[in-house]
Every structure is written in structure tokens, then in C-alpha cells.
Amino acid sequence: MMMLLPELSVLCFSVVFLLISLGDKRDNLINMAKSFAIMIFAVSILAVYKEGTLFSGAYKINFVSQLFKIILAYGLCMTLFFLNGKEELEKKFLPEFIMFLGFSTLGLMMLVSADELISMVIALEISSYSLYVIVPLRAGQTRLQLEASMKYLFFGAISTGVMLYGMSYIYGMTQSTFLTDILYAMPRYLGQPVGIFAIVLTMTGFFFKLSLFPMHFWAPDIYEGASNTTTTFIATVPKIAATAILIKLAAIASSATPQFVNVLMVVAGISMTLGNLVGLVQKDLKRLLAYSGIAHAGYIMLGILALSKDGYAAAMFYITVYLIMNMAAFYVIVILSKKGENILVGDLAGLVKKAPLLAVTIGLAAFSLAGIPPTGGFTGKLFLFTSAFQSGHLAIVVIGAVNTVISIFYYLNIVRMSFSKEAAVSEPLKLTSHEQTLCYIFIFLILYLGIYPFGLLGIFKLAV
Amino acid sequence: MEKYLMMNTLSFPMLSTVIFLPLAGAFLLLFMRSDRAAKITALITGIINFPLSLILYFKFNTATHLFQFGEHLSWIPSYNINYILGIDGITLFLIILTTLLTPMCILCSWTAIETRVKEFMFCILLMETAMVGVFCALDLILFYVFWEAMLVPMYLLIAVWGGPRKDYASIKFFIYTLFGSVFLLVAIIAIYLTTGSFNIPEAMFRDYSFSFQTWVFLAFALAFAIKVPMFPFHTWLPAAHTEAPTAGSVFLASVLLKMGTYGFLRFCLPITPKASVFFAPYIMALSVIAIIYGGYVCLSQTDMKKLIAYSSVAHMGFATLGIFSLTLFGWQGALLQMLNHGVTTGALFLCVGIVYERTHSREIYDNAGLGKIMPAFVGFFGLFSISSFAFPGTNNFVGELYILVGTFKVSKVAGFLSIVGAVLAAAYMLRLLKQIVWGREDKRQIADMKAREYVFLIPLAVFVIWMGLFPKPFLAVIDSSLVHLFGQMQAFLR
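Protein sequence lines, in the order shown, are assigned to chains A and B. Position one of the first sequence corresponds to residue 1 (the working numbering), numbered consecutively onward. Position one of the second sequence corresponds to residue 465 (the working numbering), numbered consecutively onward.
In silico DSS-like pairs for lysine-lysine, Cα to Cα no more than 25 Å straight-line:
| # | chain 1 | residue 1 | chain 2 | residue 2 |
| --- | --- | --- | --- | --- |
| 1 | A | 283 | B | 636 |
| 2 | B | 636 | A | 421 |
| 3 | A | 339 | A | 92 |
| 4 | A | 338 | A | 283 |
No lab work stands behind these hints: they were computed from the structure.
Work out the full structure, taking the sequences as your base and the hints as a guide.
What follows is the structure, given as C-alpha cells:
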């Protein structure tokens, strides 16, 4: 029972809010959710050394999965902290919103532990369906939200379909849905096109979650349409689980022919270049971060396509850093948008006068996303590049390096707006101590992971 | 402990102190309430750091080529990344130059910077940490971290406190430099994968294949050529120099540009010696083009800062010419030239800053005829101007002489053409000087220099003359490192 504690606590959390949503108590919910979330986070840490298998090997709990659960719990926790006193959701939907966040996290937690194709699909769908529901939940709902949510649903359905198609091939070849059996039986088929085809199609379902090319189309619209808090969650937490599963799937194909790596390289290269180039012209900050997310999905693939333990550790490290730096950027958006509206890059003008702490937070997040030392984004990228290079993929490393230069243009634009542009009207923005604390935590974490990455990296290396 | 490193024998980690004291000062600044307190704290930090770096000079062992005051700590063990510091004759004076210029930059911004003083001083101190770090780092990743970390405060210095075209200039500066650096990073990773460590001295003089050397050299050279800046990559420099506040221009001209030539000496020559020899003629050609082109462009400038910026292109051309002449004379000259250019050009930018604070114009014509109004200022300005075109008896003369001797040994054509460039330098500097001193009758009421301004110009003036008349103490320090490097190159290439 102890080993299932993270999942059980999240389930309990969701059920409690399900019950609350049936009544009409609406006060103080957020504080309750926050304390609950901290508890989930603590429980996940407690369960880190638990190991075991359930359901005859379909559900595997080990150090890697527990680590990912901690990060997922942290992501949920932060998202709920962002929710603090914001009027971006209609109050009557608040318990449902929190409940679905919980269910989505539950699905993702199950996903990282799932070791069998069917349970993977079920876990993925639990998390996806919850998100389909909360995308349109936004105060002053317009067609934009509905359109975003429809797009999300359609793309999600298509990618699940493609994934199931790939899985059917895997099952057809290996006669099993258990990853342990597949891992054993698969190498025989990897020399043939059909083997590679099957694995790439299966991965496609998770490319969707990671917003990697060619399943990236949903990201900009959903980021723009969904409320700021929802976007924060969608932009960060599901990507962690997606990375975990992609690593698992790549491990199956680790003895594959170069063609398999080539496919991943093309996908990664296009994703980076496309994300960064289109990012250059974005005005809406959330859209900009969506394209930046597409580019970052490409960077993460660098670690996965290395097909080495160093590469997997680097990808895990980078997705953790990405969670933190992306959340920092989104938090500034959440604070700045008083009524839950979208923030344009131009709205950042004069931020350093209005609220210096926010300017520093978003500036640091931007530099970290761009990969400038001494931030976590730099060390993460260094490990990714090194591992990809080590496996002999110099071309993709050079593409990644060039992309860093392209991306700096729009990240610098964020910094330039917040630091050197003067606003037409600027009234000081008073931050609450709660907001200040979160900002300091983000600043600390970004710099900490840049200067002392070895603690976390060591843990990940141990895990893979 | 290590065969290339003499461990620190002082009772405390000297190099780390010099690197991180400004950082500590910068964090202290965050707790300051008033602008005045911030300025004073920054100044005190800068002033304390200078004598600390002088201790390095007095304790420096000139008899050895090894890296001294070494510090060695493990940083990221799983990738074999270490925190290794050490200095030799090549870097000692560059560090002292940096620590000397920092308090001067703070002083020259005392009244010139009126908005967000605290943040300005914060950036200046951050710059000092990063710049000293670049010269001390003996681990490629540590080096790269300092090298890139420098971009952020420098970018902010230009983008926040810069002139009217600051947006354009700051972004161009950032993107240009980053473009070079990312390939540097790829080359660093390539070296790591070949040698198994990021250690700089251990990567030197190894049996890499020629094609490997070529690619690594090109990646390194691109990064350093942009920083120097060498001829086709120089366009960011005039923009950044002109728009930056005085302190930013001084840092750019005096220290940042030196990092390019330092990189050539520390990385390109020892890590990729064969490729360096192979590419030397091309780089010499580019240097000569930079010298002549820079000189011609200077002749037509009307903006004082732009003129000095382009003259930097020409002067740094001499430095790269000296390095890639691959002679001992050339290297000695190049190192001296780096120091000299740092002092002279830094001083010239400070002078322009002094004028700009009074007349709010950088145009030569607006500032013409100051001879009678600001006699003391013109005295200093004259000294630095003639030193800038290498008048005998001033510091630049020594450096350029060494470089020319080295160059003539290798190529008569290059030597001859660079003499033409040296004559051009006299032409444009004298033109500037003439305009500023006697340009026209001027009856304006402009105050001459204040005591604060004397404080930061006098040490530089002393240095100009000292180096010009008696360069021996400087050569004594740099010699053993360069002679050793030269010997290793010779032995390796034979």
C-alpha cells in the first residue's frame, strides 16, 4: 500500500473535490487545495524508495517512476499556488477545476508507472480527458476557448489513434503488451522497417503531449485560449510524463538501426527550428511560450535520440529544469494579468519599475530558456548536447546550437521590454508576500540548477 | 598536485577572492536604500579588489611557466567538470587591468548615470566577476560559463543606460557574440569527447587528427574573431561602443575585446597548433585588412566614440597580426598591445565621457576648440591620442614595434602594409586632436576637470608613459609563459 501512496493521495484529493463540487461551498477552497497539494508533494517524497510491481507486471513502481511522481506532484502543487485569488475562472467551477487538475495528475502518475501498453493508453486518456474539460473553463468564456478545447480534443484523439495503430503493430510482432516482453522480443524486428514504424507511431501519441513536431499544431491555440493557470499546467506537467514514456519507448529501440535515430533527428530538428522561427514573430506572450515549448520539445529529443543512459539522464534533467523555468515565466503572466486576460509582450514594458522582482524573475526565466549560463537552462542544454554528440550525432547538435541563437532574439525581446522600455503609464504593482516567496523560490531554483546541477543530475543518472 | 598547476601557497584562495568579491559586493548592493550608498559600496568593493589583485603581481613567480595560485575543486563529477583556477604570465596583467578599470568605471559614472544607479553598479560588479573569471578559468566549461555570463550584464548596460539606438546596438551585440559562442560550445564538447575531460591545460598539444584540429580551430576562431573583432565580424562593435554608456564602452574596449585575442593565445595556438599554422596566413591577411580598413573608416568619422571604436578594430588587428605571425616577438608585442590598447582606448573613452557630460554631444565639431576652455583635459586627451597612434615614448609604440619586428620576419608584405596602417592611425588621431584642441574659437563656459576625474585619468597616464619608457617589468612577467609556449609549439610542429 505504501508504494501507491502518491497515486492514492492524488485520487483522494480529486474525490474530495468531486464531493465538494456537488455541494455549494465555495469559500476557502483554494487554501484547502494548497495544503492538500503540499501533502501530496510530501507523500511523494516519502514514497521515493518504494519498489514493486502490481497487476502481474503491468504497473511497475521503481526509483525512476517515483522521481517523476515527485516532479509531477511539484508541478500540481505550483499550479494550485498560482491559482491564488485570481478571478480568471468562474467561481462556481472552481471545485471542478481543481478536481480535474487532480485527475489529470493522477493519470500522469499512473502513466509513468505503467509498464504495459493498455495501461499506458488508459492512464494517458485519464489525464487527457481531464484536460479537455478544463481548457474551456475560463471566466467570460468566448468562442476562442471552445475552439481551443475542440482543437485539443481532436488532435488528442488523432494522436491517440495513431498511437494505438502503432501499438497494434507492436502487439502483432511481439504477441505481448507487456513492455518487459516487448523489450525482449522487439530487437528481432528492429532491423525491419515495420519495427521502426511501429515504435515511431507509438511514440507519436506522446509527441502530442510534448507538443513536438508533427503533433504540435494544438499548442499555440490552446495556450492562447485556455486560462493562464490551465496553460501553466498543460505547458509543463504532462510534458514530464511524456518524456518519461518516450525514454521508456526509446529504450525498447536502443539497438535499432540508424534509420530510427534519423527519424527522431528529423523530428527534433524541425521542431526546434520551426518553434524558434515562428516564435520570433509572436506578440502574445503565451503563444510565444507555446512556440518556445515546441522548440524545447526538440531539445529534449536530443537526449532521447542519443539512446544512451547519459542521454536519458540529460533529458530527465532538462525536463525538470524546463518545468521550473517555464513555470517562472507563466507565474509572471499570472500575476500581471489581473482579470485573467492574456498578456502581450508589449504589456511587459516598464516592468522593472512596476515590480522589479517580477522583471528579474521573467528575465532570468527567459535567459534560462535561451540557455545562457549560469542558469539551469544552460547546464541542461550542455548535458543534452554532450550526450547527443557522444552518440555521434554532431549534425543535430549544430542545429541545436544555431537554434539557440535564433531563439535568443525573442527571449531578449522579453528582457528588453521588461528592463529597458518605458511604459506609458506605470503604477507600482504591489506583490503579496505569497507572490514574492514564489518568485524567490523560482529564482533560487533556476540559479541553483545552473550552479550545482550535480545533485539532481546524479540522482537521475542513478535512476536510469 | 597537477603537473601544470602550482597550487596556491597563500593562506586563502586568492583567485576565488578576486573573482567573487565583486559578486559579494553586488549582492550587498541589493540591500542599499539610497543611490549614494550604492555608489559608495560599489566603489569600495572595486577599490578593495584592486590591491588584492596586486598581491598576485607581487607574489607572482616569474621563473616558471606553470599556472600559479592554482585552485582545484570538483564541480560536476559525472561529466568530469572541475572548478580549476590558475594564472600565468599571459593573464596576470589582464586581470590587473580589469580590477584597475572597474573602480574607474564606477567613478566615471558617478554623476553621468542618474537613473537606476543601484542596478547599474550591480551590473558593473557582475561584469568584473565574469571578466576576471574568464581569465582565471582553466576548465573549458567554467571558462564558457564566465564567458557567456558576461553577456547578460553587458547587454543590460547597453540596453538600459545606452544612447538613442540602444535597442539595435544591444541586441546586435548579444546575437553576434552568442552566435560565435554556440560553436565554441560545440568545439568544447568535441574536445571533451576526445580527451575525456574539460581541462584546458590537459587538452593542449595532443595528437588530434588534422581535420579535427581544423574544425575545432574554425569554431574557436569564429567565437574569438567576433569578440576581437576581426575584419568581417566587426560590425557590432561601432554600434555597441557608440550606444553604451561610458563605463560600458570602457569595459568593452579594454577588457572584452582582449578576451578574443586571449582566446587565440590560450586555446587556438596550444590546442590546435597544426591548424593554427595552416590558417595563420589567412588570419594575418584579415588582420592587415582590419588595420588598413579601420584606419580609412576612422578618417571619415564625425562621432568621437565611433572613431575610437573603429580605431579599436585597427589596433586589435595589430594584436591578431602579432599572434599569428607565430614568432616570439609577435606574441610579446601582441600581449603588450592588448594591455596598451586596454589602457589607452579605455582612457580615450573616459575622456569622451568627460566631454559628453558637459556638452551632451559626441560630435567632433560640437566639441571643437576646447583647448583654451579645458586646458587640463586637453593635456590628458593629447597624451592618450598620441599614445593611440604609437608615438615613440608611449606604451603603444613598444607593442607595435615588437609586432612589426615579428611580422617582418614572416612576411614583408604584411609588415609593409601594416606600417601604412600605422601612418593612417597618426592621420586620424591627429585630425581628431587638432579639431578638439584648436578646432575653432569657442567662448563657451565649460568647467575643466574635477578632482574625481583627475583621480581616474592620472593612473592611466602614468601607465602610458611608464610602459612606453620602461616596459621591462611587464616583459619579465609575460616572458616565461610565452617562451615556454613557443618552445612547445616548435617541438610539436617539428
